Every structure is written in C-alpha cells, then in structure tokens.
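Start counting the sequence shown at 1; every next residue gets the next number (my numbering).
In short, the hints are calculated from the structure, not lab data.
Please read all numbers here as calculations on a predicted model, not as lab measurements.
Every residue gets a Cβ at the ideal spot worked out from N, C-alpha and C, and that includes glycine.
Hints may be right or wrong, so weigh each one.
[Claimed, not checked] DSS-like, lysine-lysine: derived pairs with alpha carbons at most 30 Å apart: (1) K319 <-> K296; (2) K270 <-> K252; (3) K232 <-> K252; (4) K189 <-> K204; (5) K270 <-> K319; (6) K240 <-> K252; (7) K296 <-> K267; (8) K189 <-> K222; (9) K296 <-> K252; (10) K267 <-> K252; (11) K232 <-> K204; (12) K240 <-> K105; (13) K217 <-> K204; (14) K319 <-> K252; (15) K189 <-> K240.
[What the hints assert, rightly or not] The calculated label-pair distances, taken between Cβ atoms and stated as ranges, are: (16) A2 <-> V101: 28 to 36 Å; (17) L65 <-> Q237: 27 to 35 Å; (18) I197 <-> M313: 35 to 43 Å; (19) M172 <-> D199: 28 to 36 Å; (20) D182 <-> G207: 24 to 32 Å.
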Amino acid sequence: MACSLSGYLIASRYYTFPLSLIGLISGLFLSIFVIQTEQAIRKLSLRVIFGGVIGTVLGLSIAFLFTYGLKFMPGLEKQDILPWGYIYVTITFILGYLGLVLGSKKSEEFQFPRSHSSKDEKNSEYRILDTSVIVDGRIADICDTGFIEGSLVVPRFVLDELQQIADSSDHMKRSRGRRGLDILNRMQKSDGIRIDIVDVDFPKIRGVDAKLVALAKEKGGKIMTNDYNLNKVAELQGIKILNVNELANTLKPLILPGETMITKVIKEGKESGQGVAYLDDGTMVIVDNGIQYMGKSIEVVVTSVLQTAAGRMIFSNAKDDEVNNVSSQM
1 MACSLSGYLI ASRYYTFPLS LIGLISGLFL SIFVIQTEQA IRKLSLRVIF GGVIGTVLGL
61 SIAFLFTYGL KFMPGLEKQD ILPWGYIYVT ITFILGYLGL VLGSKKSEEF QFPRSHSSKD
121 EKNSEYRILD TSVIVDGRIA DICDTGFIEG SLVVPRFVLD ELQQIADSSD HMKRSRGRRG
181 LDILNRMQKS DGIRIDIVDV DFPKIRGVDA KLVALAKEKG GKIMTNDYNL NKVAELQGIK
241 ILNVNELANT LKPLILPGET MITKVIKEGK ESGQGVAYLD DGTMVIVDNG IQYMGKSIEV
301 VVTSVLQTAA GRMIFSNAKD DEVNNVSSQM
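All chains should be built: construct the whole structure from the sequences, respecting the hints.
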C-alpha cells in the first residue's frame with residue numbers, strides 16, 4: 001500500500017489522472033518484487049549474503065576506477081555526455097553484477113581464519129538437534145557434564161513440531177512436547193552451551209526428518225538424534241550422526257565372560273527354563289535355568305555377551321549351577 005500510494009503521488013505530479021495510475025501500478029509491482037526478494041534472501045546463509053555484499057562493493061569500486069581512467073583517454077573527454085553516460089552505466093552494471101554473483105557463489109569456498117585460542121571457534125561444528133533427542137532429555141544432562149560445548153542448532157521446523165506436540169489433544173504427546181520445550185529452556189540457561197534457533201525451511205520437502213537431512217547436507221553438519229530410522233536414512237546419504245543411544249551403550253561398563261554379578265530374576269525367558277533379569281542401566285541378562293530363582297537375587301556367572309543394534313544382552317548361568325556342573329564333571 002505504501003509503495004502503491006507513493007507511486008501514485010509521484011506520478012500525479014507529472015501526469016493527469018489516467019496516466020497517474022501508471023505510478024500506482026508501478027509501485028504495486030515494486031512492492032511485490034521487494035517482498036519476493038526478501039523471501040529469497042531469508043533462505044540464504046549469512047556467509048552467502050556477506051560474500052554478495054563484498055563482491056558488489058568490489059565490483060562497483062573497480063567500475064568506478066575503470067570509468068575514471070577512461071576520462072583521460074584522448075578524444076573521449078570531447079564526446080557528448082549521453083554516450084559517456086551509457087558507457088558509465090553499462091560498465092557499472094556489468095561489474096557490479098559480476099561482483100554480486102562471484103561473491104555469493106564463491107563465499108562458501110572461503111574459509112575464515114580461525115584462532116586456536118578462541119573457545120567458540122573451537123566448537124564451531126554445525127550440530128543439529130532433532131525432536132526425539134530434545135524430548136529424550138539426556139542431551140541436556142550430557143551438556144551439563146561439560147562433554148559437549150559450543151553451539152547446538154535447532155531449526156525452526158523442529159521447534160514448530162515441538163510446539164505442535166505440546167498443543168496436542170493427546171495427554172502423552174502433550175507431556176512429551178512440553179518436556180521437550182522445558183529441556184530446550186534448560187539448555188539455553190546452561191553456561192557451556194548456546195542454543196541457536198535458525199529460521200531455515202525447505203518448503204518443497206515434506207517431513208521433519210527429510211528437512212533435517214537436507215539442512216545437514218547444505219551446511220555440512222551433523223545430526224544429533226536417538227531415532228533409529230533417521231540414523232539409517234541419514235547414514236545412507238552420507239550424513240554424520242551423533243546418536244545418544246549409541247553413546248549410552250558405549251559408556252556401559254565392559255563385562256567379560258567369566259565375571260560374576262548379582263542380579264534379580266524378574267520374569268521367564270523365551271526359552272524353556274530361562275530367567276530374565278536387568279542391570280541398573282537396563283541391560284538384559286538371560287539366566288539359563290533361572291526360572292527356579294524367580295523373584296530372588298542370585299549371583300550369576302557371565303558366559304557370553306551379545307551386542308545388537310537394540311542394545312546389549314548378557315547370557316549367564318547361576319553360580320550354584322556352575323559349581324554343580326564343575327563338580328559333576330570332576
């Protein structure tokens with residue numbers, strides 16, 4: 001409205017009513033062009049915009065120096081002002097446009113010098129949080145321990161998904177969404193971590209997981225998640241994944257065959273006579289012939305350890321049975 005009104009008022013100073021409408025229409029088209037340009041710029045990274053501005057300034061500077069030098073060419077200063085104006089405008093436009101294009105295209109190849117003494121620059125990796133790892137909450141505990149420092153990136157579409165879950169009519173989903181927002185708020189207040197909310201989107205891509213993969217590809221970043229399916233899809237496309245579940249499994253104490261432990265058999269296993277127990281970290285312990293010890297805490301001897309994608313399973317025998325087996329063999 002402002003552009004259209006301004007165009008009409010300017011045109012009305014020079015033309016009568018029918019022709020003054022040209023100013024109104026021109027102002028309308030100018031406003032549409034500005035809005036479309038603003039939406040396109042919002043999708044660009046700061047580095048591309050910065051490179052384009054520097055390239056444009058350099059291009060215009062070179063154009064000024066070049067056209068200034070042309071004034072001293074013999075005979076050119078005697079030419080009519082109109083051809084000289086055309087030459088100046090043409091050279092300025094060409095070199096300015098070339099500077100804009102080259103600056104924006106080549107900005108991704110330029111690496112800013114990094115100081116090894118700068119704490120923020122040491123931790124400048126682009127690490128993107130997905131919805132599942134935020135709702136899970138363990139990432140906040142990891143950050144509190146100081147093992148992760150620097151900045152973590154939360155895209156706007158992930159934040160929107162969290163808000164949709166928090167506004168869900170389902171009680172469980174609503175609780176998960178609110179928990180995720182609380183976790184983000186807690187991480188923002190942490191001293192060693194900075195949460196960066198980035199206004200980036202991929203309108204042509206459906207699904208938050210697909211958008212995360214596209215963002216990681218564009219920025220060359222890593223995705224922090226505990227979603228098994230996203231983990232596999234991203235790895236197939238060459239995206240680096242930081243899986244919290246894999247980190248938890250890696251940090252579990254190493255247990256070797258022959259070691260003993262005390263555990264409580266709480267249910268029957270799949271095979272006949274087997275009992276099932278769990279360690280404090282949730283690791284499943286299969287006790288052969290352990291059904292007879294249901295509800296009791298017994299000492300078991302580890303026979304083998306199986307590592308699977310879902311976690312770790314420990315196979316064992318009750319120590320009393322192990323002693324009896326040895327005695328019978330003797």
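Taking each numbered hint in turn, which are not upheld by the structure, reported in ascending numerical order?
Those not satisfied are hints 4 and 17.
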